[in-house]
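Chemist: Sequence:
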Amino acid sequence: MLRYVLVLIGLIGLVEPRGVRAQGLPVRGSVGITNKGISFVPAFSLGKPAIEFRNAIGRRLRFEPELRFALEDGRPWSFIFWWRYDLRSDEKWHLRVGAHPALSFTTRTVEGEALIVARRFLAGEVAVRYRLTPQVLAGVYYLYAHGLEPSVHRHGHFLSVQPGLTFSVHPGWVLGLYPQVYYLRLDERQGFYAATSLTLSLPRTPFSLSVLVNKILHTRITGEDWLWNVSLIYRYRM
2 MLRYVLVLIG LIGLVEPRGV RAQGLPVRGS VGITNKGISF VPAFSLGKPA
52 IEFRNAIGRR LRFEPELRFA LEDGRPWSFI FWWRYDLRSD EKWHLRVGAH
102 PALSFTTRTV EGEALIVARR FLAGEVAVRY RLTPQVLAGV YYLYAHGLEP
152 SVHRHGHFLS VQPGLTFSVH PGWVLGLYPQ VYYLRLDERQ GFYAATSLTL
202 SLPRTPFSLS VLVNKILHTR ITGEDWLWNV SLIYRYRM
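Position one of the sequence shown corresponds to residue 2 (my numbering), numbered consecutively onward.
By construction, these hints were calculated from the structure, which means they are not laboratory data. Cβ coordinates follow ideal geometry from the N, Cα and C atoms, glycine included. Among the hints, erroneous ones may be present.
[Unchecked claim] In silico DSSO-like pairs for lysine-lysine, Cα to Cα no more than 30 Å straight-line:
| hint | residue 1 | residue 2 |
| --- | --- | --- |
| 1 | 49 | 37 |
| 2 | 37 | 216 |
| 3 | 49 | 216 |
[Unchecked claim] Computed Cβ-Cβ distance ranges for the label pairs, DEER-style:
| hint | residue 1 | residue 2 | range |
| --- | --- | --- | --- |
| 4 | 172 | 115 | 44 to 54 Å |
| 5 | 131 | 60 | 34 to 44 Å |
| 6 | 104 | 143 | 20 to 30 Å |
| 7 | 175 | 227 | 47 to 57 Å |
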């Protein structure tokens with residue numbers, strides 16, 4: 002567990018990275034605890050309590066690592082090392098491209114011993130978002146992932162339509178509703194899904210609560226019909 006903590010500190014900057022403040026690069030991130038680690042790709046769901054660390058270093062070009070661990074025993078769940086670049090970002094439009102290498106971890110039993118096995122992936126993304134009003138936005142997101150191991154899918158496509166709505170429910174309390182309908186294709190299998198995320202930002206604190214629900218519409222990909230989790234998120238800036 003100690004080595005994972007050391008990797009975490011070095012990569013996501015929970016302590017101030019050397020030279021970052023001197024170069025004037027902003028650092029921000031979040032720590033989230035969830036009752037059930039789930040993924041929109043069913044094979045990558047953890048299915049048990051998890052902790053997730055996200056960080057972003059930079060402005061228009063950013064390094065955004067995401068490190069996820071099982072909460073019970075500290076076992077790594079997935080490491081994603083995003084590089085993202087904003088092609089356009091203003092009051093109305095946001096256009097972003099990104100790419101990453103990633104590791105997804107699973108446990109296998111070899112001669113009676115449980116071993117943690119890393120599966121390698123390369124991926125790229127395009128995200129487009131348009132703000133209709135200060136409270137309403139519409140977006141489209143596409144992700145392509147290529148598996149490097151024979152035991153995982155070689156080609157993955159994720160395409161999502163992502164509207165969003167934010168509004169104040171009480172002075173200082175902000176509620177965000179983010180439904181989406183998405184298409185997932187893993188090699189020759191495909192499916193259609195619906196998901197909704199509901200986020201409540203707490204007043205005068207860096208904490209927020211988030212609920213995610215995912216439902217299969219029609220699919221040939223093995224996975225649970227309903228998935229849901231609840232997360233407590235702490236956000237920070239340096």
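Chemist: Looking at the structure, which of the earlier hints fail to hold?
Modeler: Hint check: 5, 7 fail, others pass.
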